[in-house]
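Position chain C relative to chain V; hints supplied.
Keeping their order, the protein sequence lines are chains V and C. Using our numbering, the letters of the first sequence map in sequence onto residues 1 to 440. Using our numbering, the letters of the second sequence map in sequence onto residues 1 to 145.
Incorrect hints may appear among the rest.
[Unchecked claim] Ranges between beta-carbon positions, derived for each pair: (1) C/L13 / V/R199: 48 to 58 Å; (2) C/R91 / V/G142: 49 to 59 Å; (3) C/E88 / V/R199: 54 to 64 Å.
Source of the hints: derived by calculation from the structure; they are not laboratory data. Using N, Cα and C, we set each Cβ at its ideal position, and we do this for glycine too.
Single-letter residue listing:
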Amino acid sequence: MTPFALENRIWSGAETISRPELAALQVRRLRELLARAGRVPFYRQALAQAGVSPADIQTPDDVRRLPVTTKEDFRQNYPLGLLAVPREQVARIHGSSGTTGKPTFVAYTRKDLETWSDLCARFLVAGGLRPEHTVHICFGYGLFTGGFGLHYGVERVGAAVVPASSGNTARQVLLIQDLQADVLVGTPSYALSIAESARQQGLDPRDLNLKFAHFGGEPWSEGMRTQIEAEMGLMAFNNYGLSEVIGPGVSGECAARNGMHIQEDHFLVECLDPDTLEPVQEGEKGELVFTTLTKEALPVIRYRTRDIAMLDRSPCPCGRVGVRMSRVAGRTDDMLIIRGVNVFPSQVEEALMRVEGTALHYLIEVGRPGAMDEATVRVEVRPQDFSDKMSQMQSLRERIGREIQSVTGVRMNVELAAPQALERSLGKAKRVIDHRRKEL
Amino acid sequence: MKTKQLSLFLENLPGHLHNVCKALADANINILTLSMADTQQFGILRLIVKDADKAKAVLEDAGCVVDLTEVVATEVADHPGGLADILEVIRKAELNVEYMYAFTFRRGDKAILVFRFNNPDAAVAALEAAGVAVIDDVEIYGRAE
Chain V
1 MTPFALENRI
11 WSGAETISRP
21 ELAALQVRRL
31 RELLARAGRV
41 PFYRQALAQA
51 GVSPADIQTP
61 DDVRRLPVTT
71 KEDFRQNYPL
81 GLLAVPREQV
91 ARIHGSSGTT
101 GKPTFVAYTR
111 KDLETWSDLC
121 ARFLVAGGLR
131 PEHTVHICFG
141 YGLFTGGFGL
151 HYGVERVGAA
161 VVPASSGNTA
171 RQVLLIQDLQ
181 ADVLVGTPSY
191 ALSIAESARQ
201 QGLDPRDLNL
211 KFAHFGGEPW
221 SEGMRTQIEA
231 EMGLMAFNNY
241 GLSEVIGPGV
251 SGECAARNGM
261 HIQEDHFLVE
271 CLDPDTLEPV
281 QEGEKGELVF
291 TTLTKEALPV
301 IRYRTRDIAM
311 LDRSPCPCGR
321 VGVRMSRVAG
331 RTDDMLIIRG
341 VNVFPSQVEE
351 ALMRVEGTAL
361 HYLIEVGRPG
371 AMDEATVRVE
381 VRPQDFSDKM
391 SQMQSLRERI
401 GREIQSVTGV
411 RMNVELAAPQ
421 ALERSLGKAK
431 RVIDHRRKEL
Chain C
1 MKTKQLSLFL
11 ENLPGHLHNV
21 CKALADANIN
31 ILTLSMADTQ
41 QFGILRLIVK
51 DADKAKAVLE
61 DAGCVVDLTE
71 VVATEVADHP
81 GGLADILEVI
91 RKAELNVEYM
101 YAFTFRRGDK
111 AILVFRFNNP
121 DAAVAALEAA
131 GVAVIDDVEI
141 YGRAE
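Same shape as in the complex, but just chain V (with noise of 0.2 Å):
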């Protein structure tokens, strides 16, 4: 049971349209998009060879006719190759984990940024934020599109910020405490970290001013959910984005918390069977995949997110028109969330070649022991690398502890490992293991 009523409080006229008046709303856009971007080369050629044109788009269903964008073509494009309008009229550049050791970057016009900001802005609302709130935000603010994206949108709705970043999570508690915040913005996990704090304190967090949470930047239970609310007395928001789309606001929670409302007046979603590239069928789970109908600086076509979720069409009481999106029941590709920091098994070995200069054996493991995510890297020692003094190998250990938190952004504990200890496999390597995956 949820210990607040919720009265179905709704931003934006646009977010309550009929399906057919969201329909026209989507062609018109998606025939803009594609005249936009025809300015980037990468859909020039793209476009050009799927032989489409704006005219050929009739209904948004025709988004199929075009080409899917994927990550590795923002890895290609490195670094703002992808990049729609004139370097001037850019107003922020924000990134994410790339697959190796280069961030993607993506940017925004002033435009895109009130865009941004007004997305945000609808799912806070549905979740219990009003003007009068004082929100604290514990993600992390710099490239990272969280912290600057939910800052925004509670700005937007009037709210005060507390813009806390994540970190000294005693700190946290007193902030929290101390300004009476009413909101709280952040990961699920550290959200447990800080009420864990709390105790530890001596203070109970339900005793805290906390009435709402809105979590995204990494995958959660509905059963965290229920620990989370139980544990701080509050009602706690699911939302979801990635930065390559726009970041937070590409979907979120009403009241009814039900599914997240694809924000679908900006972008166009397909479900889709990772391997045929076909559509599911209707309630079945597949790869969610992402057209952006409004962005200026970056638009991308058909992006595949390699999330898997399931989408949900039936109408939904809170009387929104967009569709609603399950949880991400997980990835098609290797792609880990640690503390809320995308990971690629890939960076982590781009690490251990700038210590030892040559690829090693090596196995991630990571697990959820406490409220937060642990990451131990096992990694095999080569004989030329032996030292018999304890100082070099500990000191072994940690320059390649620091290679993987410089690459990947994430401290990880790193074990060393005997040669051949590591399990060989005929095929493809085994590099992670996942001990979460088991709580999902």
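Quick look at chain C alone, frame taken from chain V:
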């Protein structure tokens, strides 16, 4: 006047030390002395055996990471101040001890100290100049017989 020592990388896991000792036992190699440096996650095992080169080959066949290092072994009087006297020589020569360990044999009133120095040759010269008995492999093996 230096002594060969085998150093092995060992993960701190059940059975790993046993595997090493079993491989040496099967090859009929006797361990004269050993020392173990450990961390929570891994350790370095240091061994002095009679035939270091053969032992290295045996252990490498068993899949171990083995390093052959040169250490300096000295004889020391087995009474209070014995070690301090030797370290005084090392201090005066401004040499650094990477690590050390000691062992005694069943007979006599002397112990043997094994040192790993950053500069073993300088250490041997300083110790001998101060009249400390530096002993080599042959002599250690002889005493162990």
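Hint-by-hint comparison with the structure:
1. C/L13 / V/R199: 48 to 58 Å: Since the Cβ atoms of C/L13 and V/R199 sit about 35 Å apart, the hinted range of 48 to 58 Å is violated.
2. C/R91 / V/G142: 49 to 59 Å: holds (50 Å)
3. C/E88 / V/R199: 54 to 64 Å: holds (55 Å)
Hint 1 from the earlier list is the only one contradicted by this structure; the remaining hints agree with it.
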